[in-house]
Amino acid sequence: MNNPYLPIPVTIKKITIENEARDIKTFDLAFNDKKDAGKFKYTCGQFAEISMLGIGEAPIGIASSPMDEELVQFTIKKYITGVVTSALHNLCPGDMVGIRGPFGNGFPMKDFEGSNLVIVGGGFAFTTLRSLTRYVLHEKNRVRFKDITILYGARTPGELIYKSELKQWEERDDINVHLTVDRGDENWKGRVGLVPNVLREVAPSSKNSVALICGPLIMVKYTMLPLMDLGFKPEKIFFSLEMRIKCGIGKCGRCNIGPKYVCKDGPVFTYKELQGLPQEY
Amino acid sequence: MIEKIKETVKKLFKENKIDIFIGYSEGTLPLRSTPCFITEPDDIEKLVWNSYCFNNLAVYLPRFFLPQLQKKDVKLPRIGILAKGCDGRSIVGLIKEHQIPRENLYIIGIACKGMIDIKKIQNAGCKIQEVEIVAAEEKNGKVLVEDEDKKKIELEKEELLAEVCKSCQYTAPLIYDVLIGEEKRKTKEEERAAFIEEFEKKPLEERWKYFQEQVSKCIRCYACRQACPNCYCKECFAEQTKPEWIGVTDNISDIMFFQMGRIFHQAGRCIDCGACVRACPMGIDLRIFTYKLIKDVKEFFGYEAGISLEEAPPLATFKSDDKQEFITEP
Amino acid sequence: MENVKLKIIKKKDVLNFLDSLKKEYNIFVPMEKNGDIRFSKFNSGEDIPWNYRNTKISPKEIFFPQTETLFSFEAGTSALSNGSRAFKPINEPKGSTPGTTNYLIFGIRPCDAQAFSLLGKLFGGDDFQDPYYIEKRKQATIISLACNKPQITCFCTSLKGKPDNEEGTDIILFDLGENILAKPITKRGEKFTENLNSWFKEAKKSDVEKKNKLMDLSLKKIRSGVNLQNIKEKLDEAFDISLWNEIHQKCLGCGICTYLCPTCYCFNITDEKDHVAGASTPSRGKRIRCWDSCMFPLFTLHASGHNPRPTYKERMRQRIMHKFNYCPENFKEIFCVGCGRCIRNCPVNLDLREVLVSLMSLGSLCKDKKI
Chain A
1 MNNPYLPIPV
11 TIKKITIENE
21 ARDIKTFDLA
31 FNDKKDAGKF
41 KYTCGQFAEI
51 SMLGIGEAPI
61 GIASSPMDEE
71 LVQFTIKKYI
81 TGVVTSALHN
91 LCPGDMVGIR
101 GPFGNGFPMK
111 DFEGSNLVIV
121 GGGFAFTTLR
131 SLTRYVLHEK
141 NRVRFKDITI
151 LYGARTPGEL
161 IYKSELKQWE
171 ERDDINVHLT
181 VDRGDENWKG
191 RVGLVPNVLR
201 EVAPSSKNSV
211 ALICGPLIMV
221 KYTMLPLMDL
231 GFKPEKIFFS
241 LEMRIKCGIG
251 KCGRCNIGPK
261 YVCKDGPVFT
271 YKELQGLPQE
281 Y
Chain B
1 MIEKIKETVK
11 KLFKENKIDI
21 FIGYSEGTLP
31 LRSTPCFITE
41 PDDIEKLVWN
51 SYCFNNLAVY
61 LPRFFLPQLQ
71 KKDVKLPRIG
81 ILAKGCDGRS
91 IVGLIKEHQI
101 PRENLYIIGI
111 ACKGMIDIKK
121 IQNAGCKIQE
131 VEIVAAEEKN
141 GKVLVEDEDK
151 KKIELEKEEL
161 LAEVCKSCQY
171 TAPLIYDVLI
181 GEEKRKTKEE
191 ERAAFIEEFE
201 KKPLEERWKY
211 FQEQVSKCIR
221 CYACRQACPN
231 CYCKECFAEQ
241 TKPEWIGVTD
251 NISDIMFFQM
261 GRIFHQAGRC
271 IDCGACVRAC
281 PMGIDLRIFT
291 YKLIKDVKEF
301 FGYEAGISLE
311 EAPPLATFKS
321 DDKQEFITEP
Chain C
1 MENVKLKIIK
11 KKDVLNFLDS
21 LKKEYNIFVP
31 MEKNGDIRFS
41 KFNSGEDIPW
51 NYRNTKISPK
61 EIFFPQTETL
71 FSFEAGTSAL
81 SNGSRAFKPI
91 NEPKGSTPGT
101 TNYLIFGIRP
111 CDAQAFSLLG
121 KLFGGDDFQD
131 PYYIEKRKQA
141 TIISLACNKP
151 QITCFCTSLK
161 GKPDNEEGTD
171 IILFDLGENI
181 LAKPITKRGE
191 KFTENLNSWF
201 KEAKKSDVEK
211 KNKLMDLSLK
221 KIRSGVNLQN
231 IKEKLDEAFD
241 ISLWNEIHQK
251 CLGCGICTYL
261 CPTCYCFNIT
271 DEKDHVAGAS
281 TPSRGKRIRC
291 WDSCMFPLFT
301 LHASGHNPRP
311 TYKERMRQRI
321 MHKFNYCPEN
331 FKEIFCVGCG
341 RCIRNCPVNL
351 DLREVLVSLM
361 SLGSLCKDKK
371 I
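Chains as they are written, first to last, in this note's numbering: chain A, 1 to 281; chain B, 1 to 330; chain C, 1 to 371.
Do not rely on the hints blindly, as some may be mistaken.
Dumping the calculated DMTMM-like pairs for lysine to aspartate or glutamate here, alpha-carbon to alpha-carbon at most 25 Å [to be verified]:
{"id": "1", "chain 1": "C", "residue 1": "K33", "chain 2": "B", "residue 2": "D254"}
{"id": "2", "chain 1": "C", "residue 1": "K220", "chain 2": "C", "residue 2": "E209"}
{"id": "3", "chain 1": "B", "residue 1": "K120", "chain 2": "B", "residue 2": "E159"}
{"id": "4", "chain 1": "C", "residue 1": "K149", "chain 2": "C", "residue 2": "D175"}
{"id": "5", "chain 1": "C", "residue 1": "K210", "chain 2": "B", "residue 2": "E148"}
{"id": "6", "chain 1": "C", "residue 1": "K149", "chain 2": "B", "residue 2": "E146"}
{"id": "7", "chain 1": "C", "residue 1": "K221", "chain 2": "B", "residue 2": "E26"}
{"id": "8", "chain 1": "C", "residue 1": "K232", "chain 2": "A", "residue 2": "E273"}
Computed footprint of chain C on chain A; a stretch qualifies when at least three of its residues, placed anywhere within it, have a C-beta under 8 Å from a C-beta of chain C [stated by the list, open to error]:
{"id": "9", "stretch": "2–13"}
{"id": "10", "stretch": "73–83"}
{"id": "11", "stretch": "238–248"}
{"id": "12", "stretch": "258–265"}
Which chain B residues stay away from chain A? Per the calculated CB distances, all over 12 Å, these [unchecked claim]:
{"id": "13", "residue": "T8"}
{"id": "14", "residue": "I20"}
{"id": "15", "residue": "S25"}
{"id": "16", "residue": "K298"}
Quick caveat, the hints were computed from the structure, so don't treat them as lab data. We put the CB at the ideal spot given by N, CA and C, even for glycine.
Chain A extracted, bound-state conformation (with noise of 0.2 Å):
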């Protein structure tokens, strides 16, 4: 019987600073064994435990594509009162760690194709919506999506992650790009606000599109006003939902949401499941 609370090894092969604080850095992590490589299949929105043995292990959400074969990668935040996030942030390239995954439910692109995507996201939890990026962004996709319009804000420059990628997407001519800040500094010459109200300035259209929110909890309840007023319905918002998380797998009873289980049933939920759930998040 295969055993899903076993970890499979791989080693770290990059380490990527992504914020001025330094403490949320981009980890690409290779498998051991290429045929662990090729069992490892996921989707946008899927996240993974990562397991340092005698430590523990923590929920990620994957950065990378599916498209991007080589390499998972994924983006770690460190927290103070983290034993396991403080610990990867002492590793360095050639180290190894374990890997569990992929879980949760991920987002549904088969259902996205022929829509335009409205992708809003703040601070570290851009994430998951880079991995959904870089996915519709592969030429072996770019033609199933329309319009693609992404909203990142940060609350300082130096907090926007996935600078140089940023800064690729801003050239291109199929993407439309806007960042912004809560606080500008000297250097920074882009938008200065808060997402929400970059939103209705920003005001993509509603007419066949979906719309993705990663984000701070209070960023979200707050950038639902905005697309609710610009005619977005409730199942075609989707959220990526963050919970305490242990097992991964719906066992051990700790990450549920009413009868849902994050780690099973989600992370993505839409609103409208969302409505339909206890406020209890």
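The hints should help you fit chains B and C onto chain A, whose structure is shown.
Below, chains B and C without anything else, positioned relative to chain A:
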């Protein structure tokens, strides 16, 4: 006594002196009462007072005064509470440690005559595992139990009292707003510590073996901690992950560390209410360790917890003439 | 199973019978331990406590122990960049193949046997299977003992149970006094009694009549019950009602109800490191899982400091809703068998039956009583 209690509570609600009253009401099992929270004067009829009211009600007080509830414009609740001697001593401790404000409490003190230990009923001829008690009645110092085969047994209440109640020295709270009943029971100091002195005479190996045997029963349910009014820490050391002081399983060394840690955190604070002993589902003899610490604190510092609001707790007080050898000559 | 052959074994022969099976089976029986009855490994010397009511902790601890090693690991030779040694992620971690000992659980009560079939739905399932529970349970033989004397805290009849319930068991036994009547339920149970023919005799009509009489009396003894018809539907609308403000009040937030419960299964996964004697750094370790409880304050605490269930109210609501609404939604079963352990052992006498009665007695739950 119960009528007096009800009368007092009715008056408190009528005069709008309290928002909620914590007392006891009838339990759903024989020989049990259960904590009761009253906000409507109509519910005052539910209150009871008998020899099964052993729960320490002070454990519920810190919940009403959590820091996050103390916002600027939020009025803190005024709480009435029925307090036996032990509850009263807990309240003194909680006020001293700034967990509850005295001005928000209305303490109805009651002189307690002692509470029954259900396990003793078992020894009096009712093997609870095999023959179940289905009804019990208290009358004139006697407890009449009826088992499922309709057999009735009459037992002397005094013989069924819990050990902690038998040796209780302050059966009524020392701070109160009104006191019902007269404090009569008083145990001599020397008698209280007799069982500890007996145990202390045993050789070290035997005492260690007993400790191990007792705590090996522990299932880490934390009932002892949750029932104790002094254990109000937001994050208990036993569950911290950074640093991880102890493991979370029922491994014997983790259990020993947890038990020792928790009991030592009570040094100078434990008021010997027995809530931990009663809460423990596995029947661990905790009191032999908790009372040892009470005895030691009395000997070393001449201090007893829960008696005075003014006296400074020795383990939280620095005096300039405190011994320093442990630093200078470790 | 109308044609099932009912068998008789003399009570005084049972110990020898179990003894004869010791080599082939890993036998667990109820045994006295520290004044309570617990399931422990069968020891030839001790008699079965035939009149026992129920074990302190439910027998879920046999297939789902309080602490269980998921797998072990050893320190490798390569140093990590931070100076410590990396633990080798072994491809076939030691101890990860869950135990496949031939379990024989003897003398379990029907409510606890029913609980096994509920736990099987959780640990099994179409998506992920939990090999640690499933492997143990798969080849275990369950022999339950019908209840002659239900307790005042028993309310199994409110939850599809009864003193001689057959759900989840391979053979059910009836204590007739001198004799034990055995009724095989499953194919495994039938095979078991057939293979051990020499110990059993055919049951006589008088035995069966005696059994029926005992069960009638036993059923009548269960006087406490709650009408739980449509409780799942009732609770669908109950998340925001003000009644939750009262239900939690006396709860202490300990884990007694969850740990003793035969259908509670929440667990924690944690890593532990070990030192070989004399070594200064840990050289081996294991990943373990252990029981956890939704009643504990830190159960759902996020690393960010946010806790979606910050007070006793949310946690109590979670417990009740999970057992009586979420599990029926996900598994089509209420995760309670009415064994009464939570009622009997709660330090503050918070009675689940009272809670259920209050919830059931609310008229139209939805719009009126909002918090």
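Exercise. For which of the previously enumerated hints does the structure constitute a violation, in increasing order of number?
Worked result: Of the numbered hints given earlier, the structure breaks none, since each of them holds.
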